[in-house]
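S.K.: Here's the letter readout for the chains.
Protein chains: 2
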Amino acid sequence: MVSAQLAAYEPVSAHDAPDAPEVRLGARKSIATVSLSGPLSEKLTAIAAAGFDGVEIFENDLLGTPLSPEEIRARCADLGLAIDLYQPMRDVEAVPEDVFVRNLRRAERKFDVMRRLGADLLLVCSSVDPRALDDDALAAEQLRRLAERAHEHGIRIAYEALAWGRHVDTYDHAWRIVEQADHQALGTCLDSFHILSRGSDVSGIAGIPGEKIFFLQLADAPKLAMDVLQWSRHHRCFPGQGGLDVASVVSAAARAGYDGPLSLEVFNDVFRQADAAQTAVDALRSLLVLEESAGLSAPPVPSLPTGFAFAELATPDTEPVRAVLDALGFARTGRHTSKPVELWEQGAARLLLNSGAGSRRYGPTLAAVGLETPDPAQAARRAEALLAPVVPRRRALGDAPLDAVAAPDGTELFFCRTDRPDHPSWTGDFEPLPVSPQERPGHVRRIDHVALTQPWHQFDEAVLFHRGVLGLTVHESLDLADPYGLFRSRAVAGPGGGVRLALNVAPGPGADDQMLQHIALATDDVIAAARAVRARGAALLPIPANYYDDLAARHDLDPRLLEDLRESGVLYDRDEHGEFLHCYTAAVGRVFFELVQRTGDHQGYGARNAGIRLAAQYAHQHHP
Amino acid sequence: MVSAQLAAYEPVSAHDAPDAPEVRLGARKSIATVSLSGPLSEKLTAIAAAGFDGVEIFENDLLGTPLSPEEIRARCADLGLAIDLYQPMRDVEAVPEDVFVRNLRRAERKFDVMRRLGADLLLVCSSVDPRALDDDALAAEQLRRLAERAHEHGIRIAYEALAWGRHVDTYDHAWRIVEQADHQALGTCLDSFHILSRGSDVSGIAGIPGEKIFFLQLADAPKLAMDVLQWSRHHRCFPGQGGLDVASVVSAAARAGYDGPLSLEVFNDVFRQADAAQTAVDALRSLLVLEESAGLSAPPVPSLPTGFAFAELATPDTEPVRAVLDALGFARTGRHTSKPVELWEQGAARLLLNSGAGSRRYGPTLAAVGLETPDPAQAARRAEALLAPVVPRRRALGDAPLDAVAAPDGTELFFCRTDRPDHPSWTGDFEPLPVSPQERPGHVRRIDHVALTQPWHQFDEAVLFHRGVLGLTVHESLDLADPYGLFRSRAVAGPGGGVRLALNVAPGPGADDQMLQHIALATDDVIAAARAVRARGAALLPIPANYYDDLAARHDLDPRLLEDLRESGVLYDRDEHGEFLHCYTAAVGRVFFELVQRTGDHQGYGARNAGIRLAAQYAHQHHP
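Heads up: the protein sequence lines correspond to chains D and Y, in order. Taking UniProt numbering as reference, the numbering of the first sequence is continuous, increasing by one, and the terminal residue is 624. Taking UniProt numbering as reference, the numbering of the second sequence is continuous, increasing by one, and the terminal residue is 624.
Please note that a few of the clues may not be correct.
To be verified - Computed footprint of chain D on chain Y; a stretch qualifies when at least three of its residues, placed anywhere within it, have a C-beta under 8 Å from a C-beta of chain D:
1) 28-41
2) 55-65
3) 219-232
4) 300-314
To be verified - Sample of chain D residues facing chain Y (criterion: CB under 8 Å; computed from the structure):
5) 38
6) 63
7) 68
8) 273
9) 550
For the record, the hints were derived by calculation from the structure and aren't laboratory data. Beta carbons are placed, not taken as given, at the ideal position from N, Cα and C, and that holds for glycine.
Build the full structure now, drawing on both the sequences and the hints.
M.R.: Shown next, in the form of structure tokens:
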């Protein structure tokens, strides 16, 4: 039963309907070798290490490897991987007899390879051959003959509709042909991309007998209005990373009685370049989240984060960042009892300054984020169940227990419960320092959001990680114009906006380390806050005068407000929900601070002003 | 007149019709600042240095710069750049009166900025405002009122149809509204992307009075079946780099009597990251080629290359490559009289081995290619006219003159005329070395093709360079699967296939130097050639046995041929025109050799086998 445990958690997708089948924990999980980078032998190692049960061997991977089929078979056996499928065989059916006879000869060679591999299921895609006829009876007859031959070798055929098949391009059409062919060694293969990219209604899957669904391939994709073949070949992604309702296909297949493996088949220009070991783990995580979404498993539910406990900056050279914290109105309120870490506070905003980590060369970096979590142990259990790397605890005797995992960008995420009677608080590890009242005059209320640079090859995975592992809600992806390229930004947020993270990715691989991270601090009066920062001698990022001339043209602003904005270097945005006023400190190393004032129910992050900020940062950096 | 000079040269596009207007050499050339990377001040410097006459100032560039409008004006004046246009103003017309009144107020602010800039032409794009009405009369009336206001400031309005405009999305619709508005300060702006992406018929442009075409923006794009807004924002490219017939728009505008600047406006994810100075030169070259295609100018016609004079390998450490050349059957036939360069020959294939250049670390690189050219001086004149960097001549007294330019990848292209009585031959600079007859027993006839790695940020430009500067024909772009990513390959070829170049680009920026270059050598019997190479002790790239099993399944090959292929490590491909048989030497540094046998009229390059070759090279490199 999915039931009670999930009740407190809004599932990622709503397919845990009352008529969902009984939960089977851990359907077998498989992945096509084409989904990963590298030579075949390295792919197999990565797939096994991640914990998959099986693989689909993609023909091109076999052709390019020096390993014989027998050696691949032995390698898979050593690694504990079943060979669930061999694929693809193309352009088989509904062709003139002489062509079909040659196709059967081709098939015999594939059967031979499969015998040597020890594989017994062959994927046949619907034909794109220009000679193929629009004749279902002929297609069925020839597929039946193919299945008869296959059966003699103990092999079964899974027939799949390509979304761009010449005559057969929908799953229900492929199934009608399989039904008509009526051979025990012939079934259908469902592929979520081919089904959902065509906008097919998945309810028809229930009409296919489960035992005739020989295989289930899963891929997601961002919603792109483009040619479906190019979309498929370059932009597929793992389930949950795109915009397709992959869970609906899994649920429907499960209801139909399918009990074979869930198998990933992704063609993606980025994953082709990424590290296979990492991609394989991310891929398996996507299947775990998908199973939950489809109501097929029930990992520990998330304990949704309600706010920021802290953000941690790491730097051996703390002086420059202390100066900025001081100007921002933060006071040093504590010192860790066993580590070189200081606690700085203002309102409910807490920052840790760790001089025992970080790099002198790059200056401060954002190393960790503490998330205020109702049940830290539960959050950690879910994270572990979803393959999040657990951070080794470096605590001293007597320190409060801290559950932490590493996000894909390496940021440590701590699950905290601060100053509550029911849980040890991490703040107990800090020895309070005396703070005079006038040291706490600041305008900062709390942390509004944190912006983190994600690794280029793992951006989609990072988004899925934050959604799946933490239970955050994912917002729209935005392209922001930097002087040297467009970068993508995607916000993830907890309920009520208590936790907001902006996940950013550089325009291309290798540009990651040029991107800045930042901590945005909420205030009720950004103009007063900006003035106070300047009065304390810190630099705010200079905003070009042209920006304010344009602002006057775009909005009917009170002239006094406009003058205040201009004079204090504060940027302005608004939508139908409210306003967003913000300004930036100069960067210290690769980190800067933002002061943010939201009015009404504004949920944005100032995306409209990002280009101005980036150009101003570039100018400031090169001509300060 | 275009006439006689062009007769021998098939123009890139055929718009030099008999009724073409009189050729004006050098229409004014302009570019929108959004087309280049970097902050505004650096863009302006790059644009002026490339030789443009003017710029379109893009509003976002102005907003992000610390320069005031007056300072931008002064900077442009210093650089000799006219400010031809300020853009864009969006969402102006066909709105309820209260909205329009606010729009007029917005416009007044833009007029103010333009006055400070010294710009007198404002681009207004057709509205995408959901409040806009489908009412041409209202649109015309409001645009007229806008024009009246503009006129008071000495400013003119160029109204342009966005391809995704809410109600106005074609150039002829925009023109009808301009005509209806009937104000001297209101004209239309034509944009080749917006026109051609909609598949509009350009013949209607002739019906617009030339003086009412206030501006002409030019961009090309690859033919992609995708959402037109995304297509425009990310994939525009410079004219001649994509698949749109931009010249048809230029010709039509010229026939209509347009005599303003030709202005580039390109939004492209790659150029946004590329070096602005280089991109600006490439951009201007694209306009020069476009002018020629449109019959508006007549640069020196190309002297089409008919074959390879030589390929030059540079390496301080010649031993490894000598060993391979020797095994391939090449003989050392000459020594340069003044430089540390050897000539190696076999059949009509000539290779130069230059030990005075290259890097010891990376081993041999392909440094130069000699192109057999009917009129080398003419080829050089065209190259210079099209901004190809001329290579300084490093020749000694008495050396034959050599005209050479640098391709975008840095390869030096020499225009040669070998052993002809009418021209000094570069071979005259080599002192012949004695060659015994048994040293020339090889199977190699000539150079078939050369594969060069192009810089990631300049691939489209490299293709245009080879087409525009050399007059080569461009073939289809292919995606080839390397174990660590898809790379693109595009062939360019001279008449009759005498010169063939494969231009390759790595999957992403930064991966260029992992790609190999190669020289393919034509033979009439690749199997015999492969055996001879092995007999002489050189390694050929081992091809997996699985490949041959599959080959047997794909083609009805004579079993003896199949056995020969397998035994000699030769790959096989065929199409309706003929066969392609080929094999590879192991790489020496970043260069390898291919032996190629074409039968019939096969024009390919073995793309189908590229994945096998790349996997085999990876395996050989890591487990030789």
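S.K.: Take the hints in turn and mark each one as holding or not.
M.R.: Taking the hints in turn, this is what the structure says about them:
no.: 1; hint: 28-41; in the structure: holds (count 3)
no.: 2; hint: 55-65; in the structure: holds (count 6)
no.: 3; hint: 219-232; in the structure: holds (count 5)
no.: 4; hint: 300-314; in the structure: violated (count 0)
no.: 5; hint: 38; in the structure: holds, 5 Å
no.: 6; hint: 63; in the structure: holds, 5 Å
no.: 7; hint: 68; in the structure: holds, 6 Å
no.: 8; hint: 273; in the structure: holds, 4 Å
no.: 9; hint: 550; in the structure: holds, 5 Å
Checked against the numbered hints above, the structure violates only hint 4.
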